[in-house]
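Undergrad: Okay, here's what each chain looks like letter by letter:
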Amino acid sequence: MIKVQKQRINVSEQNRNLLKKRIGAVVNFIGVARPLNNSGKIKYIEIEHYPKMTEKKIKEIEVFASKKWKLNHCIIIHRYGKIKPGENIVYVGTAAQHRNNAFKACEFIIDYLKVKAPFWKIEQQNNKKTYVKSKKKDEKKIKVNY
Amino acid sequence: MIKVQKQRINVSEQNRNLLKKRIGAVVNFIGVARPLNNSGKIKYIEIEHYPKMTEKKIKEIEVFASKKWKLNHCIIIHRYGKIKPGENIVYVGTAAQHRNNAFKACEFIIDYLKVKAPFWKIEQQNNKKTYVKSKKKDEKKIKVNY
Amino acid sequence: MKIVYFSWLKEILGISEENVRPPKNIKNIKDLIKWLGTKSIKHRKVFLKSKNIRCSVNHQIVDKNNKIKNNDEIAFFPPFTGG
Amino acid sequence: MKIVYFSWLKEILGISEENVRPPKNIKNIKDLIKWLGTKSIKHRKVFLKSKNIRCSVNHQIVDKNNKIKNNDEIAFFPPFTGG
Numbered sequence: 001m002i003k004v005q006k007q008r009i010n011v012s013e014q015n016r017n018l019l020k021k022r023i024g025a026v027v028n029f030i031g032v033a034r035p036l037n038n039s040g041k042i043k044y045i046e047i048e049h050y051p052k053m054t055e056k057k058i059k060e061i062e063v064f065a066s067k068k069w070k071l072n073h074c075i076i077i078h079r080y081g082k083i084k085p086g087e088n089i090v091y092v093g094t095a096a097q098h099r100n101n102a103f104k105a106c107e108f109i110i111d112y113l114k115v116k117a118p119f120w121k122i123e124q125q126n127n128k129k130t131y132v133k134s135k136k137k138d139e140k141k142i143k144v145n146y
Numbered sequence: 147m148i149k150v151q152k153q154r155i156n157v158s159e160q161n162r163n164l165l166k167k168r169i170g171a172v173v174n175f176i177g178v179a180r181p182l183n184n185s186g187k188i189k190y191i192e193i194e195h196y197p198k199m200t201e202k203k204i205k206e207i208e209v210f211a212s213k214k215w216k217l218n219h220c221i222i223i224h225r226y227g228k229i230k231p232g233e234n235i236v237y238v239g240t241a242a243q244h245r246n247n248a249f250k251a252c253e254f255i256i257d258y259l260k261v262k263a264p265f266w267k268i269e270q271q272n273n274k275k276t277y278v279k280s281k282k283k284d285e286k287k288i289k290v291n292y
Numbered sequence: 293m294k295i296v297y298f299s300w301l302k303e304i305l306g307i308s309e310e311n312v313r314p315p316k317n318i319k320n321i322k323d324l325i326k327w328l329g330t331k332s333i334k335h336r337k338v339f340l341k342s343k344n345i346r347c348s349v350n351h352q353i354v355d356k357n358n359k360i361k362n363n364d365e366i367a368f369f370p371p372f373t374g375g
Numbered sequence: 376m377k378i379v380y381f382s383w384l385k386e387i388l389g390i391s392e393e394n395v396r397p398p399k400n401i402k403n404i405k406d407l408i409k410w411l412g413t414k415s416i417k418h419r420k421v422f423l424k425s426k427n428i429r430c431s432v433n434h435q436i437v438d439k440n441n442k443i444k445n446n447d448e449i450a451f452f453p454p455f456t457g458g
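From first to last, the protein sequence lines are chains C, E, D and X.
Residue 1 is where the first sequence starts when you use the numbering used here, and the numbers rise one by one after that.
Residue 147 is where the second sequence starts when you use the numbering used here, and the numbers rise one by one after that.
Residue 293 is where the third sequence starts when you use the numbering used here, and the numbers rise one by one after that.
Residue 376 is where the fourth sequence starts when you use the numbering used here, and the numbers rise one by one after that.
Hints in this document: simulated from the structure, not taken from any laboratory.
Hints are not guaranteed to be accurate.
Stated by the list, open to error - Calculated lysine-lysine pairs in the PhoX-like style (CA-CA distance at most 25 angstroms, straight line): (1) C:141 to D:361; (2) E:281 to C:68; (3) C:140 to D:361; (4) C:137 to D:341; (5) C:20 to E:187; (6) E:274 to X:424; (7) C:21 to E:228; (8) C:56 to C:70; (9) C:21 to E:187; (10) C:52 to D:322; (11) X:405 to E:198; (12) E:281 to X:385; (13) C:104 to E:283; (14) C:104 to E:214; (15) C:128 to D:322; (16) C:82 to E:167; (17) E:250 to C:104; (18) C:82 to D:322.
Isolated chain C, as found in the complex:
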């Protein structure tokens, strides 16, 4: 299940969904908006995305990971719009028979979301708006091609 949405992610609800099937291992990742950057306090971040492309790209990642790591269930939710520090930005949940697969799939998905899904972040401070730069480290981490 994938979703691109403006509202906050209800993590409990998603975990209940993941746990519905009686599988052995559930892993999830929650990305949270940070309160600070190098130049100080962040009022909020704003995430822009490319609607016609976003869901398609996330779906590709979901399908690939579900097959490769034999997932019983996979949930990917990414927000856009204004997000305050401390709020969640992204939720990735994986459920599998064995924990290794659930872990690997979850980490793969968030790594790929970072560099393959069309989202752009702005950090809004009191008098300053910063277009967040992508991390080279993140791009290097991606080895598998699909």
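Given the coordinates of chain C, work out where chains E, D and X should sit on it, guided by the hints.
TA: Chains E, D and X in isolation, oriented as in the chain C frame:
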């Protein structure tokens, strides 16, 4: 925070605790009781533990992982007693500035719990009680010594 | 041909999309970038930094040698920073 | 000296713990296992399989050469299967 308890783990509550501090990345693992083993349906599992030793061992794992991966928060909860298929058995939650640390710590903790914490599982079927055997694979996975 | 802009490209240009009719000798993304860079001072400012610009054709990421057709939707944007 | 048993060891023996006074020549876990194995048929059954038995002294996992003292709490159990 570590806990050894009989009752079900309230995953939502623990995730709320993890998310309280305004960190960047939260990872959690939930182990779920399986409905089947090689010889068929499982009615319930029963987990025995060594009370005087359990918390101490889990605490050691928590302290080690928190330091090694600079965790902002770490929650480990393991149940004992009768557990029905589909119910959770164990919860590991890690919160860190960066996702790599949160993932590595979470996976480390569950790997170590499997082979270092004094729990023993019984699978109860209709006419059969099986003492679960440890997996060599799990013991091999543990490389770091602490 | 529809051109779509995101992030700082959109901010500098002041528009999120535009329809263009490039001449026939504009055959791939590289050509298109050069040609778009001549449209205005703002366009030049954006497309001069073209090493930092990524691009998609009909919602597929492509490299700059990718051929383009008249009814394509072409998007320009910086590297992604979601997650 | 308090001996504690878990899992199938407890089931076979029918007890979860017992107090014992081994003779003075019983100095380490290996000796203790041999000596406990002579206590009853059930004990022999359990301690014959001693390769599959792990052990702790005062809640610390130890190997079978570990020295033992009179007021130690010594536990015998199979490899852990939690998580």
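Undergrad: Checked against the structure, which of the hints given earlier come out wrong?
TA: Structure breaks hints 1, 3, 15, 18.
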